[in-house]
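Number of protein chains: 2
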Amino acid sequence: MNQETFDAYLLAHRERLLEDYKDFLRQPSVAATGEGILEMAALVARRLASLGAEVQIVPTVEDAPPVVWAEIGEGDKTLLIYNHYDVQPPEPLELWESPPFEPTIRDGRIYARGASDDKGELVTRIHAIEAWLATQGKLPFKIKWLIEGEEEIGSPHLHAWVERHQDWLRKPDGRPLDGCLWEFGGFDEKGRFVLTMGVKGICYVELHAKGVDHDLHSSQAALAPNAAWRLVWALGTIKDASERILIEGYYDHVRPLTPQEEAVIAQMPFEEEEIKQKWGIREFVTGVSGLEAAKRLLFQPTATICGLSSGWEGQGTKTVLPARAVAKVDFRLVPNLTPELVLDLLRKHLDRHGFSDVEIKFLGGYRAALSDVNSPMVKAAERAAQRVYGQQPVKALLSPGSGPMYSLSEFIGGVPVVCAGIAHADTRAHAPNEHIILQNYYDGMRFIGVLIDEFAR
Amino acid sequence: MNQETFDAYLLAHRERLLEDYKDFLRQPSVAATGEGILEMAALVARRLASLGAEVQIVPTVEDAPPVVWAEIGEGDKTLLIYNHYDVQPPEPLELWESPPFEPTIRDGRIYARGASDDKGELVTRIHAIEAWLATQGKLPFKIKWLIEGEEEIGSPHLHAWVERHQDWLRKPDGRPLDGCLWEFGGFDEKGRFVLTMGVKGICYVELHAKGVDHDLHSSQAALAPNAAWRLVWALGTIKDASERILIEGYYDHVRPLTPQEEAVIAQMPFEEEEIKQKWGIREFVTGVSGLEAAKRLLFQPTATICGLSSGWEGQGTKTVLPARAVAKVDFRLVPNLTPELVLDLLRKHLDRHGFSDVEIKFLGGYRAALSDVNSPMVKAAERAAQRVYGQQPVKALLSPGSGPMYSLSEFIGGVPVVCAGIAHADTRAHAPNEHIILQNYYDGMRFIGVLIDEFAR
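One line per chain: the protein sequences are A and B, in this order.
With positions in the first sequence counted from 1, the corresponding number in this note's numbering is that position plus 152.
With positions in the second sequence counted from 1, the corresponding number in this note's numbering is that position plus 152.
Where hints are given, some of them may not hold.
A pair counts as met if it fits within one copy or between any two copies, since identical chains are not told apart.
[What the hints assert, rightly or not] For lysine-lysine, the following DSSO-like pairs were computed, each having C-alpha atoms within a straight-line distance of at most 30 Å: (1) Lys296 / Lys174; (2) Lys428 / Lys342; (3) Lys428 / Lys362; (4) Lys430 / Lys513; (5) Lys323 / Lys547; (6) Lys362 / Lys513; (7) Lys290 / Lys229; (8) Lys362 / Lys447; (9) Lys430 / Lys362; (10) Lys174 / Lys430; (11) Lys430 / Lys342; (12) Lys428 / Lys500; (13) Lys513 / Lys428; (14) Lys430 / Lys447; (15) Lys342 / Lys362; (16) Lys430 / Lys547.
Keep in mind the hints are simulated off the structure, nothing from the lab.
Here chain A stands alone, though its shape is the one from the complex (with noise of 0.2 Å):
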């Protein structure tokens, strides 16, 4: 490749980069609600075949988000590209500095849900693509490009799309795809630039609890149970304060780590006490430290409570005894302890411990994923990030986040995945105030053309 023409390209259409960059922020596309999703899609699509790829937007079910699924470039090898267009309630909007869909730019950084996860990744590619046809010529392979809209709510259709579209992702002898490069990644604390090869699973539930038929006066507890009573002891049983989860069976699906896995931790920088600082504790759940951490923030599923919701939420004092109380619950995965064994696990567990009038409602889940930390995909990315970055990156066995990997990778015949993008570790994903370091998206559009360069050798 020519960098230099392809540089001077995005300084040239630096200010109409970022102004369409802007555009994806400016439209909302929530997928827990709904809002926005289908214009979003359709920005997308435009976008995209405005770079003269051939794009469709395929549903998935019913009403539910639809897939834009793009080809572009020729050749037998074959890079898949997976982003989403959805992004993750703004709320609490309160706690904004600016509102949630008007992007803006304070100090080298742009504000918007979305910034980050996963439209900052996403306009980093197409930003890079139009650079490479107007200044390189033709792609040296072919691009398909998956970009869903419903990774926030656990990509409830996406397998069975998958299933349904299994020639597309493969190539037309049936051999698997060259390769995938994954919707995230980005910087640690430290400024290192991190290749990551895998994904914890999850399982995403709603616990519903009920006691009366409605709402009582409280000067009725002595008698009358209460939803919210039954709710909290409930939880209560699925994992107490030592913060071991205490379902029955649960870890006899949690394999131990293989010498060469735990090395790879091993390996990874683990910035501890930044952590902390930044998170405002003084120390972990359980005092866990040092390579203990690591492991157990990748190798140990988890059990959050990610929401509760009972009775009078207002200012003040209401004597209410709620009827019906619930609670959001996401399980982070390990190999092998898939959503549907959890689903199955928790429910005789609330049984086993009188909750059977707990119902479960499961909004979505995905397997963990590993892949080859040693792939050709990856070592391109590593050559790529030297060149750009002027460092060898560091490589993470998995993230502890979640997503569909498992269906685009070992799935659909072993496709060797990395995740490369342009989040730095205080990017605020999921929260108020997300955002990116502008010289990230800047930095991160010159990586993506290195890697197409790298990965056609």
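With chain A's structure known, arrange chain B on it following the hints.
Below, chain B alone, put in the same frame as chain A:
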């Protein structure tokens, strides 16, 4: 009294008086939020003044709802009346069949927030006194009337107000007033008229748990403390599924019933099956039944989660690790177990169990109160019930509900109290579709007229 002219007046003016009742209900007066409080105090004061009472709107503290104080009639014998002009919040709004502040008559019932608690009783008394003055001449004794605006949030400023105005709440020579007509009361499941002579106390708190500084992506859950889990675990130490309150020392302050008290409870009807059916349950908590259930309801303390709030409470999923979590908890109290004691024991309990990080915010409370079940005040109410309802009323030792009765009986020299009102068992106080059966309101005005007559004897 001339019962005939009294009754004829009520019948002749029925429509106008009902419209007056509706005016009270149309005016929101939510102590928890402050909505409409001052407007409601002014409306009550105007209406009392129209009876010829001397009325004052007397501040409590700063911006808190004021007390409406009225005096009417002459004589040494003095009746204290206690009501409140505030109501519970109307939420959840979607469960109301007609809007909470648009009084609506359906099937002979009047529906609105406050229709029962406590505007129903308040207007019944106002209308009865109007009819007395119009048909019988002057009142046969003096009435002192205290109508506060913070009962539904635990009367946080009433006791101090009573302390400040103690001379108003005694006779000129310091002797105690002769009786107190309490704000609530009415009919049980079987239509029996009930006189109640005591209340449970209450201590209403918020528990605030915190974890990390700001909401995190839930993938960090293996290491980051979670406020929602902290709250669930802290709550789990307060009461377990056996319904026993686990706060150390708590039951040391629960005295056994005296044989006399137990005898009063044993004579009270307790329509167990009807209650269960109405609540939609098959058994009371712990499976308690019969006299044990009645004693538990009236003479055991409770710990009730009235509300839970943390993290993502919207539709669908958000993979967030919440930095904050709040529970609203009300403790119903028996004699000797004061709000101050509960706060002290709860703080020590949480500290002892490793939850010194969980903050307790006291939102309001009052002591339990028990009054003589055979006082002249009670006897007058019994005779009035026989004359108006043709039945010997049930005498209840106390109500499982709460109120500032201690401040207006024992604290001011031992004023005997009786609760006598117009509610029925399914009146839905504090819940959606609160209502009063209109016939109970019509009869209730006659009861008050006859009670004036009987109390004068």
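message: Taking the earlier hints as the rules, which of them does this structure contradict?
response: Per hint list: zero violations.
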